[in-house]
Structure formats: C-alpha cells, structure tokens
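Asks: One-letter residues, chain by chain:
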Amino acid sequence: MSQVRAILEPIASLRITVVLFALSMFLIFAGTLAQVEMSNWAVVESYFRSVLVWIELKYLDPTGLLAKSRLAIPFPGGFVLGGLMLINLLAAHAIRFRIKARNKKLVAGVVGVLVSIVMLWQAHLHAFGDFLNLADQTTAHMEAATLSSNVIYTLIGLAGLALMCFAMWLLFGKRDGIVLLHAGIILMLASEGVTAFFALESQMHIFEGQTVAYSSDIRESELAIIDPAPKQVERPGDDWVVAISQSLLLSHAGTNEPIATPDLPFTVTVDRYMRHSDVLRASERFPAQATHGVGASIHVVEKPQVAGTQTDQQANMPSALITLWRGSEKLGTYLVSTWLEQPQYVEVDGRRYALFLRFRRYYKPYTIELLEVRHDKFVGTEMARNFSSRVRLRNEQQKEDREVLIYMNHPLRYNGETFFQSQVRSTRPDTTDGTVLLLVENPGAWMPYYSCLLVTLGMTIHFGRMLFRFAGRALA
Amino acid sequence: MSFAAGLTATVVSLVGCGDEEPLIRTYAAPKDPPPPVAIQQESAPPMMAPTAARGAGLVWTLPEGWRQEPGTDGITMFRLIPPDAPGNFAVTVTRLGMDLSRDPAMLLSNINRWRGQINLPPIDGSQVAPLLSDIDSEAPGILIDLPGPFDPGGNSNEPDPLAQRILTALFLDGSGTWFIKAHADQVTVSRYEAAYRQLIASVRPAGESATPSAQQASRPTGSDGNARTFQSRGIAGEVPPGWREVAGSSMRLASFVVGDGERKVDIAITAFPGDVGGLLANINRWRGEVGLPPVESAEQQSSMPLTILGTTSTLFQFVAPGDDPNRPNSIVCMVPRGRLTYFIKMMGPRAMVEQQIEPFQDFLRSLRFTDSGS
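Here the protein sequences line up with chains A and B, keeping their order.
Numbering of the first sequence is given in my numbering, commencing with residue 1 and proceeding in unit increments.
Numbering of the second sequence is given in my numbering, commencing with residue 1001 and proceeding in unit increments.
Just so you know, the hints here were simulated from the structure itself, not pulled from any lab data.
All C-beta atoms, glycine included, are put in the ideal place defined by N, C-alpha and C.
Don't take every hint at face value.
[Unchecked claim] Calculated from the model, a selection of chain B residues having no Cβ within reach of chain A, i.e. all distances over 12 Å: (1) D1032; (2) G1087; (3) R1115; (4) A1298; (5) S1302; (6) R1327; (7) A1351; (8) Q1356.
[What the hints assert, rightly or not] Result set (EDC-like, lysine to aspartate or glutamate): computed pairs, CA atoms no more than 20 Å apart in a straight line: (9) B:K1031 <-> A:D217; (10) B:K1264 <-> B:E1193; (11) A:K364 <-> B:D1032; (12) B:K1031 <-> A:E396; (13) B:K1031 <-> A:E234; (14) B:K1031 <-> A:D238.
Using the sequences provided together with the hints, build the complete structure.
Replies: Following this line, the structure appears as structure tokens:
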C-alpha cells in the first residue's frame, strides 16, 4: 500500500494542479486569439478537443512582426490538460480523502450512496429533468408528468440528497463536504469529455408546407451519390444513398487514389477539396475546371476559412473537383459544391446517379412539418421581438402526431435532442416563410447541473460545519 | 479509494468507447421535400405591380410578383426572381460586349457550352438553325430552347423531374449581346415558362417608353420634386424633399440629385460582392476624390458606427482641405449584408453637402430591404 502511495503522492501534488491551471489559462488565451483567423468550431476542435496543438506565434505577437510567419510552438491540447487535471484530482482523492468507515458502517455508507444515486436519477427522470428543461417532451412523458407525480418525485429527490449527505458522513466523517465538492468537479470534467465525444449539433431548414426527416451539420460536408430509382429498398420511392465522408475526401484529395465501394459501378478520385470556396461564372480569365455537369460553366476559387471574429459568422462553403472512372475509362470531371443547390446527374451502365456535395445529413425516425413561422418586430422598427415556428411532429413508431410551438427560449425536447429556434428565412420579399431549427443532442447535458449541485452541497456542508465550529468556540 | 477507482474506470471507459464513424455510409432515405412554394397573395401590393427594370441599352417589364436583384458573381448583371422561386432559381441577365449575330462560331460555341451543362453532346453549325425561334418583342431577339437528354417526350407523358432544361433569349443592342437565361430542372423551367416568355416579349430598347402602369410603378415619387418613397432593386426608402430620383448607371441601385449643373449633390446607392478591395483601399479612394492624402490604416480615418437597415454600419465623412465652400465633400455609409456590401454615398460642394446632412440622415434611417437577402 505504501508503494501505491509513493506513486500517487507526486501525481497528487498541488504544484501540478497550479501548473495545469496556468497552462489551461494560456491555452484559452491562445485559443481566443486564434479566432482572428479560425472559426469558433475549428478552434474548439484543434485547441480544446485535441491532444496536441501547434500555437502559431503570430497570434501572440502584438507588434505584427510575425504576422506573415508560420512559426508555431507545440502545446498540450485540452484533452491532455483536462485528462491530467482529472488524474491529479483523483490521485489527491485517493491519498487525502480516505474512507474512515469500517465494517457495518462501511456497508451502510456504500449502500446509502448507491441508493441515493438511484433516488436522484428517478427524481431527475420524473421531476428534476422537467424543472431543468432537460426531459424529452414525448406525449407519454407529458401525460405521466402530473402535479402529484412531480411533487412525489421531488420529495424522493430531496430525500436522496439527504441520504447522500448522511452516507458521505458515514464514509468520510468530517471531510464529507470536501469529498462531495470534488466529486462535483470530477463530474464537470467528465461532462466536457462526454460533450466532446458524443454531443452533436445540426440544423433543420424547413419552409412552410415542407416536411423534413433529416438535419444537417454545417461544419462537415459529404459527397452524396444518390440512386433515385434503386432496385431494392424497404419503402418504395426511397433513394439509395452512398455518402462519402469529408475526412475520406480530404485524405484522398490530390492523391489520384480512387475511392471505391461495391455499391457503385464507378470510382471517384478527388482532384481537389476546398474547405471554403466561392464560385464565379466561368470566363476567359477564370476558366471552368470541370469538364462535365453544371461545373463546366463555373470557376471555383478557394477562400480562407471563416474566422471566429467575423461578425456575419457565415458557414464554410466547401467545394470539390472530382473525377469519375469506370475502370480506366474517364467519365468526366465534375465540380461538386455546397453552393450548388441542385444535384448533378451522371449516367453509368444505364443507371442515373445524382452527385451532391452537401452538408452532412442525419436522418431521423420522425418528421417535422413547418406549419407557420413568425418573425414579429417591435412596432416601427426592424428589431426582432419574437421568432417562432409552429411545427407538426410525427413519429409513426411511437404513435406521436402533434403540433408544437418552438420559440425563443422555449425549445422542443424530443428524441434526446433539443430543437432551438435559430433563424428565419424568406423566399419572397417582406415575408418570412422558412425556419432554421438548431438541434443539439448531448447525452451529458444533465451533468453540469448536477455537478454544480454537488459542489454547492459540498461547500455548504464544509463551510457550514466550520461556521458552526467557529460560532461554538466564540460562544464558549 | 473505491469511489476514486470507480470514477476512473467510468472516465476511461467513456474515453475509450468513441467509435470511429464509417468513412462511407450507405442507407435508404426518403426523397428530399419539394422546393418551397410560397402562398400566393390574393392581391399584389403596389410595390409588387409590374415594374420596369432598366439595363444599359435595354428595358424589360418584370412579370407580376417577380423581383430583380443585382448579380453577385461579377458577371451576372441581374437576377430576376419569380415570387415562389424554388431554391436558388433565378432568370439571369448577362451581357457580352460583342455582337453574336456577326460571329456564328461564337454563337455555336455558346450553344455547345449550354448543351454541355445539361449533358447533351455538342452539335455542328448545320444543326443550329432548327434550335432558334424569333421573339415577338420590340428589341430584335431569338430564343434557344434546350431540353435535356432525358426528354420525357418519348414513352411517358409524365415530365421527368431530373431532366435539365435551358431557355436562353438573345438580344442585340448594337454593340453587344444580352442573354436572358433560365436554367433548372425542366419541371421548374416549365413552371415559369409562360412568365419567362412574357418577360422576354417585353424587352425593348432603352429609348422606348415603358407601359403607363410600369412607368407609374417604377417612379412612385411625385413629379414636383417632393418625392415620398422609392423602391429599386431590393431596397426602398423615403426620399427627402428636394431630392430628385434620376436614372443612374447600371452599377447603381438608385440615384438622386439635389441642385443642378455643377452645383449639385449626388446621392447614390450601390452594392458590390465581397469587401470590394478592402476597407483601407476604399477609404483612400474616397479621400482621393476630395483631395485628401491617403492614410496608412483604416483606423486613422474618423468614422461613426450607426445602425441602419437593421445592421451595424459605418459612416465616414471626407472633408476637403481648405475653406473653399465649392470644394467637394462626401459622406459614405457602408452596410455589410450577407455576401454584399452596400454603399450609400453623398458627394457634392461642401456648402451644399452640409445643408443635406440632416436629410441624408433621415434618408438613411428610412431605408429598408425589400428582398430576403438570403
């Protein structure tokens, strides 16, 4: 046991904690400055959700002398710093917060903690989740969430909290508050890990009268090759889609290495992939780079990626020049671009395929129909007062078919996703007839709330006990 | 100890279970929803009435409900957009500075380029004549109709939604050729074919007068100079008393003057794609116009933020050096909007510009966009 302690003691050093905090602050500072050129999400991915980041010195140079330099220093990324903090914290726990309970007291304490977690989880599912606006608003859930059930489960949750405090006292004695506090911090660090790996953000663009069954991630593209009349699909009329990911397109760009799949009678080589681009009508000065399709009259130019400091915050608009091959026979070079809203078609072996570079799609088990969108303004001004979307949510599998009003600060929660009113769109002047809903799916959304709850509870117990001790001495 | 170990195991398992996404996904998916169809208004408001639109040398009348926007790619002069245009559909207007009727090879080259766009093989010169038909309009023009290779005229009476179609009207204006082109899937093109034919039949040389209703709609301002409102190419506003709306160059969305001859103030609204060479280059160009030396950075030029057209804009004033009241002065308001930057500029003799500052501010506050800007 002393050997384990000898290993853990240096890892649990408070000096390491301070150094990690300082490094984290510098990483946040550098990541903020990097948004002069990079988009918010690119910074999040490369600085905070990475193992190693190369920080370009030009971002840190106020004189501007290094403005055109590519000099960069390696620096530990967010995963490394966060991971080390977690290890440091866990090691400190292992050394400094030993379980004092023995025998029956130990069993009672462990059982108490487990039971309290179950009670809190039940309270979360049936009451707390509604208060925190985290619960799915399915018809079944809303019918079950009566006032009496809310009250009962709230009481169960409060009893669970009390039980947890008692069980922690049994296990850790007077250090129960500080253990709870640190457990809250560990939960917070873990919540960022869950968000980084599992959270998903996408958009749903719908015009009035349209029904859609997918959302799009505007940070990532995919090359969809669609067979609009496939031989075998479960539901007649469906498309058969082969979606090639952005990472595969990027890794094959300029290599002449074909992308092949048994689902297609042709292969694809990626001549060039542009993360952000603009398109111009082809001219003598700007000739078309593609030989077939609509791209034969378009010139595409690569542009620097959208920066986080840009006020309009447009999305990157990727384009790619791809060549299709049937064996060694060249079928043509096509320009595929997110600027092109219509797919292009190629006929191979008597079958016609649509080519479409689009933002990556996620198909849903439900559909959303936009019934009405409103963009209310303060009278006499162009200032927005309210955006709202009245939609019809249908899910055949769950027998769900109802209208929902989504408006500012009142999102819909369904299927583990949260639908926020994000933007409105128009097809005609002086009208608003389209909506953009932002879908956020984060299985760790509940974690920061309970992390804060544990930290608050821990601090209250710890400092409350100190206050009582001080007051007792003063009175004596 | 058990608590810490349990949490460690949980975290390690969480980090370890991030499954790699497949690089190629295959799945069946429902077809995309049809493009949006806006609900027709029962009666068009006055600003939606037939509007005369003016290009350099040609005039046309927009079909009811259509709107006109400047092109954004530097080549398209105008985009004519139907009221319920699906997706990005628009009839485009471009002009080539050469007379195609004198250069059959160039005409053939253009036709083959369009054929390539809809997957049709090229043709030779002998096959051109059957594709051409005359347009019954005041300006001499021909129409070229190119249905795509999946023409449904064969075995099925149902239109093939995947086939592309291009309708192009060519007009000559003496020194160049105008192209008014509709290109989309043939269901879309067919849907707007009647309105498109009405549009191209209305094309006439710029010297010809528009129909009375069109004239009225294009100039809603009064003839006495006390104009009230204007609307032009996606922007509208209140015209201050004393300002006269005049026809500007094709680059201008709207033009106004105060005064006459050399003693006049010129007010212009223009829009350009992108940042038009950068802020500093523009500031130095405007400074040069009034005789001010260039500055090294944009921060050296005093400016004022203000909110107009629902966005944060920047106002610059350029005052000529010296006391001469006839030296030119200018005030420029720069409004970014999507992929375009709008410029509202007032320029004229210093004394006159100073008199017009207040009306100019009222004018700026009154401006509004009449299109979606998407």
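Asks: Each hint: holds or not?
Replies: Results of checking the hints against the structure:
1. D1032: violated (8 Å)
2. G1087: violated (4 Å)
3. R1115: violated (10 Å)
4. A1298: holds (15 Å)
5. S1302: Holds: least Cβ distance 21 Å, greater than 12 Å.
6. R1327: holds (35 Å)
7. A1351: About 34 Å separates B:A1351 from the closest Cβ of chain A, which puts it past 12 Å; holds.
8. Q1356: The claim stands: B:Q1356 keeps its Cβ more than 12 Å from every Cβ of chain A (closest is about 24 Å).
9. B:K1031 <-> A:D217: With a Cα-Cα distance of about 19 Å, the restraint between B:K1031 and A:D217 holds, given a limit of 20 Å.
10. B:K1264 <-> B:E1193: The given pair, whose Cα atoms are some 45 Å apart, is violated under the 20 Å limit.
11. A:K364 <-> B:D1032: Holds, because 13 Å separates the two Cα atoms, which is no more than 20 Å.
12. B:K1031 <-> A:E396: With a Cα-Cα distance of about 18 Å, the restraint between B:K1031 and A:E396 holds, given a limit of 20 Å.
13. B:K1031 <-> A:E234: Judged against 20 Å, a Cα distance of about 14 Å means the pair holds.
14. B:K1031 <-> A:D238: Within the cut-off at roughly 6 Å; holds.
Checked against the numbered hints listed earlier, the structure breaks hints 1, 2, 3 and 10; every other hint is satisfied.
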